[in-house]
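Here is what each chain is made of, one letter per residue.
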Amino acid sequence: MNEDRASAAINGLPMVDARDIHKSFHHNEVLRGITMQVRKGEVVVMIGPSGSGKTTFLRCINHLEKINKGKLYVDGELVGYRETPDGKIAEDTEKNIARIRAEIGMVFQRFNLFPHMTALENVMEAPIQVKRTPKDQAEARARGLLRKVGLEQKADAYPARLSGGQQQRVAIARALAMDPKLMLFDEATSALDPELVGEVLKVMRQLAEEGMTMVVVTHEMGFAREVADRVIFMDGGVIVEEGQPEQVFSAPQQERTQTFLRMIL
Amino acid sequence: MNAIIQFFLTLLHAIVQFFVTIVTLNGQFDWSRVVENLFARIIIEGVIITIILAVLSQFIGSVIGLLLYFARRSDLAILRRFVGLYVWFFRGTPLLVQILFLNELAPALHLAQPLIQLHIFLKLGFSQDIPVDAFIATCIALSLNEGAYMAEIVRAGIDAIDTGQMEAAKSLGMTYWLGMRRIVLPQALRVIVPPLGNEFNSMLKSTSLAYVIGVGDLLGSSKALASSFFAFLELYTVAAIWYLALTTGWGLIQAQIERRVNASNIDPALLDKRPWWQRMTGLRGPTGGGPTGGVPIEAPVLEGERR
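Line by line, the protein sequences give chains A and B.
Note that the first sequence covers residues 1111 to 1375 in the working numbering.
Note that the second sequence covers residues 14 to 320 in the working numbering.
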């Protein structure tokens, strides 16, 4: 499966191109020079101990966090900043940033569904408000997406009535409603009870098989092993090791990787 | 020891004596005066003015509070500074002083001159011509004052909403303003409504301060009537009855609004939908059911969800 996707990956511009990314929170440097690319159609899984910066890096991709140094491109476009004619870097307009974000879907650890709207309304909201999609069209698409994640029966339920796994699947449908070219998963199953993790991973796996470009931060090593095209191990704000899952999990080359995997597996 | 007991007994006697005097009103309270003036024209007009003043000022004050919230988050340092000074001043000086102050400035409202000539209140059917400039000045004072307090209420309401909500909105391509309008503010409203309701209760009573400048509010009218036939206690009672009616009436409306807006964070599907008389008394209807009509009081923690 990984080979099929690798051959299907389009050559040319990478979907994500991160160059020497640095990020600090006050005086704490959390990202110390991250350089990596994600090809179109590729599924990259990022693993590492907490505090390693993997979630922070993920949030830099759609500019929920501002980077302090370096350049980050998504599908060829510089994210969060623009290059002025005289070669300087200036902060981009909110409108432009929003436009780029609309093409990147994000799934959060705590779901972040809108509690004052039903599942269906949650999924319909962004296409209607951001893309100005007509209501009936948005509704039809939303129902289709809820069906895709197996929740068409729950269309009129409020998030408070849904289990964690159901909420997360609605959240995935909501992100997909904007037709993104890239999906970011921030520990999407970490807040779920074990028996509900599977239903969410199933949806994520399906997305991967359909060719979606995905960057996944997770602790689910089984998922990483089976679905990832590439695994990146981060620790202390740097990429320690990256490679094919078989290689990273079975034959890790760096000692820090070995230590981490020993603790997890 | 004896002396101490003696002292307290004397004190107790004096206090009891005092209250008896008040309750029996030294035999000089004339209830007929109260009854005949309760619905006097001037009093009713006073009630109407009070309501208009309260509603207008609360509304404008709330808008100011919202504007102050955004101003506080502005990139311009001057704006942020201004908010700090504004809140400090209007919370630091008595409302009465603010009303008197603005009333002095009232003639300076040159715009109000043509309005005064219009004799709006006479035209609307009031029995006396209320000076429009004083009315406007009072309204402005009340609004500005209220704005300073609403700023904190709005801030607390908006901050109560999890930051993940705005992040989710942004990640879907919404701008800050769109996210505010569609996602954050609607949720913040649920948090803001109860304290806002309490503020309006307070506002209904604060309008009484306007009597000092004669805008024809309830207290002002009561005092005027009291002077005319020297029945102060009776007319103050009329005023008190009306203020009580207004605040109680608002209390009922407030409860209804809070129910609809779901101000207590219950899952909408679990809201108590029984008729009001059942809700208030807890009596079961003809169909029976538990004290809450079979509806659970707390939203269940659903399986599989970590809190």
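Hints listed in this document are in silico derivations from the structure and should not be mistaken for laboratory results.
We put the beta carbon where it would ideally sit given N, CA and C, even for glycine.
Warning: the hint list may mix true and false statements.
Said to hold, decoys possible - Using C-beta positions, here's what the derived DEER-type ranges look like: (1) Gly1308(A) / Arg104(B): 25 to 35 Å; (2) Gly262(B) / Lys1176(A): 25 to 35 Å; (3) Trp101(B) / Lys1291(A): 25 to 35 Å; (4) Leu137(B) / Lys1176(A): 49 to 59 Å; (5) Lys1291(A) / Arg104(B): 31 to 41 Å.
Claimed, not checked - Output of the computed footprint for chain B on chain A, the stretches with three or more beta carbons under 8 Å from beta carbons of chain B: (6) 1227–1239; (7) 1366–1375.
These are the hints, each one checked on the structure:
1. Gly1308(A) / Arg104(B): 25 to 35 Å: Since the Cβ atoms of glycine 1308(A) and arginine 104(B) sit about 55 Å apart, the hinted range of 25 to 35 Å is violated.
2. Gly262(B) / Lys1176(A): 25 to 35 Å: violated, 51 Å
3. Trp101(B) / Lys1291(A): 25 to 35 Å: About 50 Å separates the Cβ atoms of tryptophan 101(B) and lysine 1291(A), which means 25 to 35 Å is violated.
4. Leu137(B) / Lys1176(A): 49 to 59 Å: holds, 57 Å
5. Lys1291(A) / Arg104(B): 31 to 41 Å: Taking Cβ atoms as reference, lysine 1291(A) and arginine 104(B) lie about 51 Å apart, which means the hint is violated.
6. 1227–1239: That given contact holds, which follows from 3 residues of the region 1227–1239 of chain A lying within Cβ reach (below 8 Å) of chain B.
7. 1366–1375: Not satisfied, violated; 0 residues make the cut.
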